[in-house]
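**Student:** Chains A and B are the protein sequences, given in the same order. Okay, so the first sequence: first residue is 1 according to the numbering used here, each after it adds one. Okay, so the second sequence: first residue is 1 according to the numbering used here, each after it adds one.
These are calculated hints, taken from the structure and not from any lab test. Be aware that a few hints might be false.
[What the hints assert, rightly or not] Footprint (simulated), chain A over chain B, 3 or more residues, beta carbon under 8 Å:
| id | region |
| --- | --- |
| 1 | 83-93 |
| 2 | 106-112 |
| 3 | 295-303 |
By construction, the Cβ of each residue, glycine as well, lies at the ideal position given by its N, Cα and C atoms.
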Amino acid sequence: MTELVSSAPMSRAVPGARLRFYAAWGMVAVLLAAFPSIFTSASSLTTFSLVGTAIIFALSYNILLGQTGLLSFGHAVYYGIGAFFAVHTMNLIPQYGLPVPLPLVPLIGGVAGLLLAILTGWISTRRAGTVFSMISLGVAELAVALALILTDFFGGEDGISTNRTKLPAWFGWHFGPQVQVYYLVAFWVFVSALAMYALTRTPLGKICNAVRDNPERVQFVGYDPHIVRYLAFCFAGLFAGIAGALAAISFESANFTDLGWVKSGAVIFSTYIGGTSIFAGPIVGAIFFVYLSLSLSDYTSVWQLYFGLLFILVVRYAPGGIGGTLLMHRMPFRVGGLGRILRTYAIAAVPTLMLVGGFVLAVETIVHHTVNANEDPRIKAFGVSFDASSPMTWIVAGLLMLIGYFVGRLTWRGVTRAWDDARTIASERGIPS
Amino acid sequence: MLELVIISALNGVLYGLLLFLMASGLTVVFSMLGVLNFAHAGFYMLGAFFGFQISKWFGFWWALLLAPIIVGLIGAAVERFALRDIHRSGHVAELLFTFGLAYVIEEVVQIVWGKDPVDYRGPPSLDFPAFSIFSTNYPSYKVFMFAISVAIFVALLIVIKRSRIGLVVQASLTHPQMVAHLGHNVGLVFTLVFGVGIGLAALAGVIAGPILQTQSNMAASLIALLFVIIVVGGLGSLAGAFVASLLIGLIQTFAVSLDGSLASLFGPLSPDAPQFLIRNIWTVTIAQVAPIIPYALLILVLILRPMGLFGTRET
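Produce the entire structure from the sequences given, and follow the hints as far as they go.
**Tutor:** Here it is in structure tokens:
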């Protein structure tokens with residue numbers, strides 16, 4: 001048994017892996033530290049703080065979804081409870097003159113999330129799969145309903161607000177300026193991400209993967225899958241609480257919507273679109289999600305619809321998400337078929353973009369006729385203006401979709417063929433896909 | 001008091017029957033396909049809005065006939081062209097897909113019909129009081145809803161217990177591979193069951209729309225309630241879903257009409273007692289707690305009887 005354990009971690013078997021590890025995380029630290037010098041405006045620093053919170057939240061969610069195979073519909077409950085405990089702590093510290101500086105507050109949020117996960121996790125992790133998902137949704141509904149009843153703690157529909165600058169100073173920092181908040185968030189992002197990465201390398205992390213893939217065998221080996229799921233659930237609650245506390249520090253408030261369904265949905269979207277199979281996937285997804293939700297709303301009024309459709313398409317056609325799909329191309333890269341695959345992508349992109357363009361044109365026209373029918377028919381979406389009342393718009397949209405669909409089907413066959421050839425070469429040379 | 005009890009019981013049973021129209025499709029689809037359809041309540045909402053639109057154009061009776069068929073066909077198409085392929089990627093992907101679908105349905109409904117409740121009314125021919133108990137007039141539309149729900153329930157029972165297709169469905173519930181080996185087209189049965197289940201949800205939407213509010217947020221809170229019903233009733237058990245639906249319907253209706261709180265029972269808190277949080281718990285009325293009860297029931301059932309009330313296998 002000791003032999004097995006000691007030979008298991010890859011980092012010891014592959015020389016240079018340790019160096020790569022330090023180089024990668026060192027680079028992340030340098031980047032995080034350098035951002036305020038590159039992007040100096042307060043609004044971009046606010047965005048970065050938002051992204052950082054979303055990254056911790058998505059990574060904590062991936063402990064469940066990606067590493068343990070648990071699809072939770074109520075992960076925002078632990079995020080929200082972290083946020084509320086942080087806000088109350090920030091109100092209590094100046095009131096009682098406690099010597100606790102702001103950088104320690106996320107820890108309290110994390111402990112709150114952990115304690116709640118310890119409480120709710122035991123029952124909900126008893127079963128994996130669909131039943132776990134259903135229970136998580138039930139717990140989420142319960143939490144939101146309770147939050148609206150217990151108004152002393154959750155502040156009802158208005159929520160609870162606080163003032164982060166009233167806490168004792170931390171080496172002269174009062175966290176009034178946005179850049180100080182950014183560094184606080186950045187520090188916690190780095191620490192949490194590193195800790196969650198380390199968690200995936202521990203025996204517990206490996207057993208989590210095993211429970212995800214084959215719980216029966218794990219049971220035969222002598223582990224209890226329930227306990228393993230429970231531990232993963234607790235860790236996810238801990239880091240979600242930290243994320244919630246950081247959000248509360250950024251916004252100086254917490255609201256019952258932090259616990260709710262929209263927040264839980266957002267973390268599912270960002271984690272899955274980013275890719276659950278690799279560690280960096282949720283990071284990519286969180287950045288992508290925050291970026292889209294901030295920028296898409298400038299271009300179109302129905303960005304949520306596009307986002308939902310994008311999510312469905314990712315589930316349907318690219319189950320690996322962004323990260324998994326990129327990683328998939330390592331195999332053709334090794335056998336030298338990547339160039340051909342990329343060429344077929346470029347060809348397929350033209351009709352696919354036509355299809356998407358026609359669809360967006362149709363949607364925007366419909367939106368115009370249902371939402372703001374009495375306004376000027378010349379509308380603008382994604383920077384393109386067109387006349388929604390003209391029949392030409394419909395003809396163009398219909399043609400784009402028809403041609404895009406039928407030509408697209410032909411070109412995507414080329415993509416499939418290129419992949420098949422690459423796979424054939426790979427299996428001949430014995431390269432794993 | 002007696003009046004309140006009788007009226008609440010009638011409303012509760014009616015609500016329970018509506019819940020069963022939805023939960024029956026959900027639980028059968030789940031035990032046959034292993035797919036928990038997160039968008040099930042979304043299709044209920046689509047049914048209500050289609051019913052509203054069709055009844056505006058052609059009248060309520062056309063809506064009652066057409067809306068469930070159209071929505072059922074949409075559901076069958078979703079099963080045939082999307083879910084079947086995603087099935088290969090596993091249950092998590094399926095659940096995520098239906099989750100995304102529920103989100104998109106809500107967005108589409110918001111775009112087409114707006115966020116405010118629409119003015120969806122029942123047929124004018126049913127706009128009279130059917131009978132009066134004490135001083136309350138019971139609307140005949142609710143009696144009609146009753147009749148439809150019971151008729152559907154009986155029809156479902158006969159089809160499942162007496163017909164050949166019902167036999168195949170029953171067998172597919174427990175032994176899908178065996179049924180396929182016997183030469184039945186299980187794929188077709190799945191699409192059919194999925195479509196019919198969604199059609200039933202849409203029917204519930206059409207008839208419930210005029211009584212409950214037809215609004216773009218009507219699905220989001222309902223799906224969790226449906227999950228509670230099928231877990232409490234026992235996954236895959238139609239009888240369990242029926243009992244759990246009635247139970248939840250009655251509990252919800254009675255709780256909403258009760259105004260009691262700990263304060264009204266034991267008197268107000270003494271001023272020197274600790275106020276924080278206790279005050280909330282002390283003064284909250286049963287009506288306010290109503291939304292919590294189903295989830296508390298869920299957790300209780302999971303602790304005491306994980307297979308659900310009528311389930312044979314552990315969830």
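**Student:** Could you run down the list of hints and mark each one as holding or not?
**Tutor:** Hint by hint, here is what the structure shows:
Closer than 8 Å: that is the beta-carbon criterion, and the region 83-93 of chain B has 6 residues meeting it against chain A, so the requirement of 3 holds. For a cut-off of 8 Å, the count of residues in the region 106-112 of chain B with a CB near a CB of chain A stands at 4, and the three-residue condition holds. For the region 295-303 of chain B, the proposed coverage by chain A is satisfied: 6 residues have a C-beta within less than 8 Å of a C-beta in that chain, meeting the threshold of three.
Hint check: no violations occur; every hint is consistent with the structure.
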